[in-house]
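Asker: As a plain string of letters, each chain reads:
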Amino acid sequence: MAEHVILFAGPMGAGKTTAIRSLSEIDVVSTEAANTDRETSDKATTTVALDYGEIDLDGLEKVRLYGIPGQRRFDFMWQILKERAKGMVLLINNDAQHPLQQMLEFLTEFDDLYRRGGVIIGITRTDVTTRPTVADYAKALSAERPDLIVPIFTVDPRNADEMRMVLMTLIVNIETRESFGPLEASL
Amino acid sequence: MTDQIAPPRPAETLSSPFGPGWTSAAIAVHSVREIATPLLMQLDVAEHGSIVIDFRHHAFAWDRAVTTFPAAPSSVSVYTQTVSESTPSPFPLPGYDLDPLLWFVGLNSFASERASWLRPDERYRLLRWPNLTGLRHSIDQMRMIALLSNSSLTPSELASAVQTSPAEAQRLVNALSLMGILRVSTDVSAPLTRPRTATRQESSLFQRLRKRLGL
Amino acid sequence: MSTVPAHHDPEIIANGAEVLANMKELCSSLVYAALLTDDGFEVAHLPAEKVGDNRFASMASSVQALSDAVTRELQIGLSSYVIIASDHGHVIQRRVPQHPLVLAALFDDDETLGKALSISRLSAERMSALLT
Numbered sequence: 001m002a003e004h005v006i007l008f009a010g011p012m013g014a015g016k017t018t019a020i021r022s023l024s025e026i027d028v029v030s031t032e033a034a035n036t037d038r039e040t041s042d043k044a045t046t047t048v049a050l051d052y053g054e055i056d057l058d059g060l061e062k063v064r065l066y067g068i069p070g071q072r073r074f075d076f077m078w079q080i081l082k083e084r085a086k087g088m089v090l091l092i093n094n095d096a097q098h099p100l101q102q103m104l105e106f107l108t109e110f111d112d113l114y115r116r117g118g119v120i121i122g123i124t125r126t127d128v129t130t131r132p133t134v135a136d137y138a139k140a141l142s143a144e145r146p147d148l149i150v151p152i153f154t155v156d157p158r159n160a161d162e163m164r165m166v167l168m169t170l171i172v173n174i175e176t177r178e179s180f181g182p183l184e185a186s187l
Numbered sequence: 001m002t003d004q005i006a007p008p009r010p011a012e013t014l015s016s017p018f019g020p021g022w023t024s025a026a027i028a029v030h031s032v033r034e035i036a037t038p039l040l041m042q043l044d045v046a047e048h049g050s051i052v053i054d055f056r057h058h059a060f061a062w063d064r065a066v067t068t069f070p071a072a073p074s075s076v077s078v079y080t081q082t083v084s085e086s087t088p089s090p091f092p093l094p095g096y097d098l099d100p101l102l103w104f105v106g107l108n109s110f111a112s113e114r115a116s117w118l119r120p121d122e123r124y125r126l127l128r129w130p131n132l133t134g135l136r137h138s139i140d141q142m143r144m145i146a147l148l149s150n151s152s153l154t155p156s157e158l159a160s161a162v163q164t165s166p167a168e169a170q171r172l173v174n175a176l177s178l179m180g181i182l183r184v185s186t187d188v189s190a191p192l193t194r195p196r197t198a199t200r201q202e203s204s205l206f207q208r209l210r211k212r213l214g215l
Numbered sequence: 001m002s003t004v005p006a007h008h009d010p011e012i013i014a015n016g017a018e019v020l021a022n023m024k025e026l027c028s029s030l031v032y033a034a035l036l037t038d039d040g041f042e043v044a045h046l047p048a049e050k051v052g053d054n055r056f057a058s059m060a061s062s063v064q065a066l067s068d069a070v071t072r073e074l075q076i077g078l079s080s081y082v083i084i085a086s087d088h089g090h091v092i093q094r095r096v097p098q099h100p101l102v103l104a105a106l107f108d109d110d111e112t113l114g115k116a117l118s119i120s121r122l123s124a125e126r127m128s129a130l131l132t
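Residue numbers (my numbering), protein chains in the order written: chain A, 1 to 187; chain B, 1 to 215; chain C, 1 to 132.
No lab work stands behind these hints: they were computed from the structure. Hints are supplied without guarantee of correctness; some may be wrong.
Said to hold, decoys possible - Simulated crosslink set (DSS-like; lysine-lysine; CA at most 30 Å straight-line): (1) Lys82(A) / Lys24(C); (2) Lys62(A) / Lys211(B); (3) Lys211(B) / Lys82(A); (4) Lys139(A) / Lys86(A); (5) Lys86(A) / Lys211(B); (6) Lys50(C) / Lys24(C).
Claimed, not checked - Partner residues are not named here, just some residues of chain A that face chain C (Cβ under 7 Å, in silico): (7) Val29; (8) Thr31; (9) Ala34; (10) Asn35; (11) Thr46; (12) Ala49; (13) Arg73; (14) Phe74; (15) Trp78.
Stated by the list, open to error - Not the full set, but computed from the structure, chain B residues with beta-carbon under 10 Å of chain A: (16) Val32; (17) Arg128; (18) Trp129; (19) Ala146; (20) Leu147; (21) Phe206; (22) Arg208.
Note that beta-carbon positions come from the ideal geometry of N, C-alpha and C, so glycine has one too.
Input sequences plus hints: build the corresponding full structure.
Answerer: Below, the structure is given as structure tokens:
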């Protein structure tokens, strides 16, 4: 069976588990534990291994959706899962303490995927705070990484239509980039 | 609002050979973006009230939902007013993000022909992705934007790549250009980037996923 | 119920250290043991030197959660314990009854599996009793 692995990454509380639940055709396998780190995020539970959901394309092909834990102490899971990944949805909660910095840190961690064009950034909780704006994220990214254009969207992980659009954008961007290969000339 | 933005002097009256609709607004907005002077703009849309744009904050105000933009209003009158950076905004901030308005105006201007500020034989490449969550868009538009983010293409090349009409590709280029997120290359001697292989859309994961999700 | 997380609670940390020390007394083949919160914070460990890159508690938390997910998926009740058997020893981990804590221990290959399981169970129950 052909499989396509899509990771959902981002800091704790960004909405990774929720996003996978919005997309998955099966009940999501989750590995939640009681959260004792209430200073970082006031959530009752947190993912400590992975979340798993899937979309079955035709019985012979699946899109596997893996949510990774957001805290750095679980970065061994990041290593395990990113080796298999075709692409990544990086969710950043806009009301986090340093969202721009978190975006750049995660992109550094997943540099391979980033360089392959396999990343899309979803900014969540923009209903809670409107700043930074998408333009702020794009500017920060462009300053650090001027070589690639990464889609940056606002998104509500509870909204299945929006999450489908994010997934489709990721896939079309990956496949378009694959069809072009490395840049042959700089502009 | 009309008390705060004065009607234009005759030299500022804008006209377009394309008749009623959004084209005059598109030309006006593009002109404003080309100059550094802070400006307010008011668009009086026949039977749909007034839209007030504050370019300093990339925002606009309207008393209706952005989803009710008329695609072909019978007329749109354009007024501008120069302000200073410190002049208070005429509406409570943050207002509506300007991008969805520019997207809509760009798509519905120039009767799907080339926008007046664009030139023949230009190739275009995206500077940044638009926030598609806030924009009513089609799958083909998504595909074309992906192409423009990874290569430089003319509208006809873009249309051919996704197998859509040249008019649809031109509408998209008009909209992205009006939003200020396209870079122009006039080097037509050789394409700067080309797909190594023809994109086999029929067999792509994108198409299979699209079918599965019913999009 | 205390609002201080277990890994910051001096009493729980002291209890944990006591239980681990007792494990070592009962079982000389114990190489390393840790008491951790469900979400992977270490409460106590033994010996003083840590193993690897200091991620044992996080990893044990992930393993525990994955094993719980498996038993849930298969609808076979709760996960009792997890064994990772390797060339040079066994890792055994189990939950501390009635508390969001996990006891994970590495025994060298001189130890029988049966005894290791027994020591692990008794220690987890002792920890639970100390906390109740």
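Asker: All the hints need checking, so say for each whether the structure fits it.
Answerer: Hint check:
1. For the proposed pair Lys82(A) and Lys24(C), the alpha carbon gap of about 38 Å is over 30 Å, so the pair is violated.
2. Of the pairs offered as hints, the one joining Lys62(A) and Lys211(B) holds, with about 13 Å between alpha carbons and a cut-off of 30 Å not exceeded.
3. Proposed proximity of Lys211(B) and Lys82(A) is supported: the alpha carbons are some 27 Å apart, at most 30 Å.
4. The straight-line distance between the Cα atoms of Lys139(A) and Lys86(A) is roughly 26 Å, inside the 30 Å bound, and the hint therefore holds.
5. Of the supplied pair hints, the one linking Lys86(A) and Lys211(B) holds, its CA atoms being roughly 20 Å apart against a limit of 30 Å.
6. A distance of roughly 16 Å separates the Cα atoms of Lys50(C) and Lys24(C); the hinted pair therefore holds under the 30 Å criterion.
7. Hint status for Val29(A) relative to chain C: holds, with the closest Cβ pair at about 5 Å, below 7 Å.
8. Satisfaction of the interface hint for Thr31(A) is found here, the shortest Cβ-Cβ separation to chain C being roughly 3 Å, below the 7 Å cut-off.
9. Contact between Ala34(A) and chain C, as hinted, is supported at the beta carbon level, the nearest pair being about 5 Å apart and thus within 7 Å.
10. Hint status for Asn35(A): holds, given a least beta-carbon distance of 6 Å to chain C, under 7 Å.
11. Contact between Thr46(A) and chain C, as hinted, is supported at the beta carbon level, the nearest pair being about 5 Å apart and thus within 7 Å.
12. Because the smallest distance between the Cβ of Ala49(A) and any Cβ of chain C comes to about 4 Å, under 7 Å, the interface hint for this residue holds.
13. Proximity of Arg73(A) to chain C holds as hinted, the smallest CB-CB distance being about 4 Å (cut-off 7 Å).
14. Restraint check, Phe74(A) versus chain C: the minimum CB separation of about 5 Å is within 7 Å; hint holds.
15. Given the 7 Å rule on beta carbons, the hint for Trp78(A) is violated: about 12 Å separates it from the nearest Cβ of chain C.
16. Violation of the interface hint for Val32(B) is found here, the shortest Cβ-Cβ separation to chain A being roughly 18 Å, above the 10 Å cut-off.
17. The closest approach between the C-beta of Arg128(B) and any C-beta of chain A is roughly 5 Å, which is under the 10 Å cut-off, so the hint is satisfied.
18. Interface restraint check for Trp129(B): the shortest CB-CB distance to chain A comes to about 4 Å, inside 10 Å, so the restraint holds.
19. The interface hint given for Ala146(B) holds, since its Cβ lies 4 Å from the closest Cβ of chain A, which is under the 10 Å cut-off.
20. At about 6 Å, the closest approach between the beta carbon of Leu147(B) and any beta carbon in chain A falls short of 10 Å, and the interface hint on this residue holds.
21. Among the interface hints, the one on Phe206(B) holds; its C-beta lies about 5 Å from the nearest C-beta in chain A, closer than the 10 Å criterion.
22. The interface hint given for Arg208(B) is met, as the beta carbon of that residue sits about 5 Å from the closest beta carbon of chain A, less than 10 Å.
When the structure is compared with the earlier hints, violations turn up for hints 1, 15 and 16 and for no others.
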